[in-house]
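Participant: If you're matching them up, the sequences are chains E and V in order. Residue numbers 1 to 261, in this note's numbering, belong to the letters of the first sequence in order. Residue numbers 262 to 693, in this note's numbering, belong to the letters of the second sequence in order.
Keep in mind the hints are simulated off the structure, nothing from the lab. Check the hints yourself; a few may be wrong.
Derived contacts from chain V toward chain E, CB cut-off under 8 Å, selection only [said to hold, decoys possible]:
| # | residue |
| --- | --- |
| 1 | A274 |
| 2 | R305 |
| 3 | P309 |
| 4 | I322 |
| 5 | L372 |
| 6 | A388 |
| 7 | A392 |
| 8 | V424 |
With a straight-line Cα cutoff of 25 Å, these simulated SDA-like cross-link-like pairs (lysine to any residue) come out [as the list claims (entries may be wrong)]:
| # | chain 1 | residue 1 | chain 2 | residue 2 |
| --- | --- | --- | --- | --- |
| 9 | E | K6 | E | D69 |
| 10 | V | K437 | E | G198 |
| 11 | E | K229 | V | G627 |
| 12 | V | K433 | E | P187 |
| 13 | V | K439 | E | C179 |
| 14 | V | K407 | V | F382 |
| 15 | E | K173 | E | P250 |
| 16 | V | K407 | E | A34 |
| 17 | E | K6 | V | A386 |
Computed footprint of chain E on chain V; a stretch qualifies when at least three of its residues, placed anywhere within it, have a C-beta under 8 Å from a C-beta of chain E [claimed, not checked]:
| # | segment |
| --- | --- |
| 18 | 406 to 418 |
| 19 | 446 to 458 |
No residue lacks a Cβ here, since even glycine has one placed at the ideal position from N, Cα and C.
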Amino acid sequence: MTRPPKKPKLAVWKFASCDGCQLSLLDCEDELLAIADGVAIAYFPEATRATLPGPYDISLVEGSITTPDDAERIHSIRRRSKRLVTIGACATAGGIQALRNFTRVEDLIRSVYARPEYIDTLSKSTPIGDHVFVDFELRGCPIDRFQLVEVLNALLNGRRPNIPHYSQCVECKRAGTVCVMVSRGIPCMGPVTHAGCGNLCPPLGRGCYGCFGPMELPNTAGLAGWLGKEGCSSEQLRGMFRTYNAAAAPFRRESEAHEQR
Amino acid sequence: MSNARTRTIKVDALARVEGEGALNVRIRDGVIRELQLRIYEPPRFFEPLLRGRQYTEAPDITSRICGICPIAYIMSSSQAMEDILGIRVTGPLRDLRRLIYCGEWIESHALHAAMLHAPDFLGLADAFELAQQHREVVVKALELKKLGNHILEVVGGRAVHPVNLKVGGFYKAPRKAKVRELIPQLRRAIGTAMELGRVFATFDYPEYEFDYTCVTLRHPDEYAIHEGRIVSNRGLDIAPSEFPQHFREEHVQHSNALHGLTTKGHPYLVGPIARYNNNADQLTPLAREAAKELALGPVVRNPFKSILVRMVETVLACEEALRICDAYEEPDASCVEAAPRAGTGFGCTEAPRGICWHTYRIDETGHIQDARIVPPTSQNQRQIEDDLRGVLEANLHLADDVLQWRCEQTIRNYDPCISCATHFIELRIDRE
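Bound-form chain E, shown alone:
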């Protein structure tokens, strides 16, 4: 009896996050059953109670590291994974919960939980790349599901994922979207933000709010200077750089440059 060829094993892991990025995998309604035919879903608790032992060919990791246990767990996942891909702003840049990195975590615990002694948490929310080697980082809060399919497709076929690293501005130009900053004076993070969302906000008359995080070599100071001349206060500038990718180094440094002293 001949056995069918062994399918590559896919695992999906979760750390501190909203589940939105792994939901993006289930949101691939047209591709989901084909993906499930092409790989063995070896670990994906949001979708299945069945588990297969490692090692895993591809591990998708959602969420940031915020507890001592999770800081250990990520190493054991790395050891069992041939390729480890972070999906989304939490795993890639610490997520919105990295706003804690700019405060005292004890105060936060006390304000939400009546019994702080029950809570075990780290003072900082950190991206997966701060703890283990990451093979590919997929940006976005949330990720774009078409980019996710592209990354899976590329890794399964042994090629580099075709994910551009240019700025959101390029997406606007390619889509023919009129610049909201130039034409309407709306503050926009587009010039420093990684492309990939599919050009969502500017066509709605809204400035990009940076949910895909910094592009490669962003000139954040240049943008902040321009926005400052247009009337943005340092508080506003700090807030703009301090959202879903607050702990990504270029955004963190720029937000710290606008701290009130």
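Given the structure of chain E, go ahead and fit chain V onto it with the hints provided.
Facilitator: Below, chain V alone, put in the same frame as chain E:
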């Protein structure tokens, strides 16, 4: 303890729920000694991190509490801010809000009912096994889910964490042509949801009933989704601002999600069954027919039948969305504008899993001073534990692995969203 018969049932990582939790049960001499739904999803501290941010940022930031039901967070926080600003969103903008909320119900209900919950009734591990045996069920569910997401994209710009909503309304109202394109898909979806309901109605339902305290919104003119007073089947009828006087949250050691209780310390139920029990008189015509065909009766007490109620609500959401799309005209303005002023506001809407309650205090410059969010799953937590106790007591004769699965299924009745509840599951049963 040598003579005592001890059984231990453990589930370390509960599957097919959104987020991380576990169940610990210890049974000794046929008596449940310990039962804990443990929520170990790490806390993310949204409420304190909102302090000092602009009131306009609350919808986008709180949407990141949950990737499954971002609309619930966007809408409850927007409503609370509008309460402070003294503005009301009416007419076509209100309709658009109901439309996108219908999209979230369709997407979330189709995902949970068909892909996460249905496999339990067939003894299957997941939707992928289900697809091997009953491919058409999964294909239909994916079709519904896709339509739900498509509504979110047309109205909100994106399926997960939509970008087009804000305090007061929208950045840009969707074009009439785009909205009208949804009409044929919605017509077909009503039939698809009904067909799935019929398949689910053939399942064997475990015998278990509970006389729930059902807490939901209620609106005078419609099946409440995004607006209304908070009511219960025990006679409660309050404005969202009165919620703190009637409900409290308790912090227990085994959970990173606070437990919701009435101020008298009783558990209560939120979500589809609660809504059906309180508001069945307001079902849309085809949803009413669906409920009749699925033999739900006037009151549902068997939590396993939540899967049927979800399909009735899916029919309802499709009908409502269809009605809104049919009548849609592009509004003159996409948003009701207002300047910030100091005050405290309240918002409450029906997330797919139940009421999602928010309150904020802002200062005269629009900075958030305080925020408090009570998500649906934390409100259901104590009720889930009570259901588990009831289900376990009735089924102690079952083997450990069967009993464990039954417990997991009991938890999944609630479509628990653990990411939400921990601002939340692992299963562990110990039998001694």
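Participant: Hint by hint, say whether it matches the structure.
Facilitator: Taking the hints in turn, this is what the structure says about them:
no., hint, result
1, A274, "holds (5 Å)"
2, R305, "holds (4 Å)"
3, P309, "holds (4 Å)"
4, I322, "holds (6 Å)"
5, L372, "holds (6 Å)"
6, A388, "holds (7 Å)"
7, A392, "holds (6 Å)"
8, V424, "holds (5 Å)"
9, E:K6 to E:D69, "violated (33 Å)"
10, V:K437 to E:G198, "holds (22 Å)"
11, E:K229 to V:G627, "holds (23 Å)"
12, V:K433 to E:P187, "holds (17 Å)"
13, V:K439 to E:C179, "holds (23 Å)"
14, V:K407 to V:F382, "holds (24 Å)"
15, E:K173 to E:P250, "holds (24 Å)"
16, V:K407 to E:A34, "holds (16 Å)"
17, E:K6 to V:A386, "holds (20 Å)"
18, 406 to 418, "holds (count 4)"
19, 446 to 458, "violated (count 0)"
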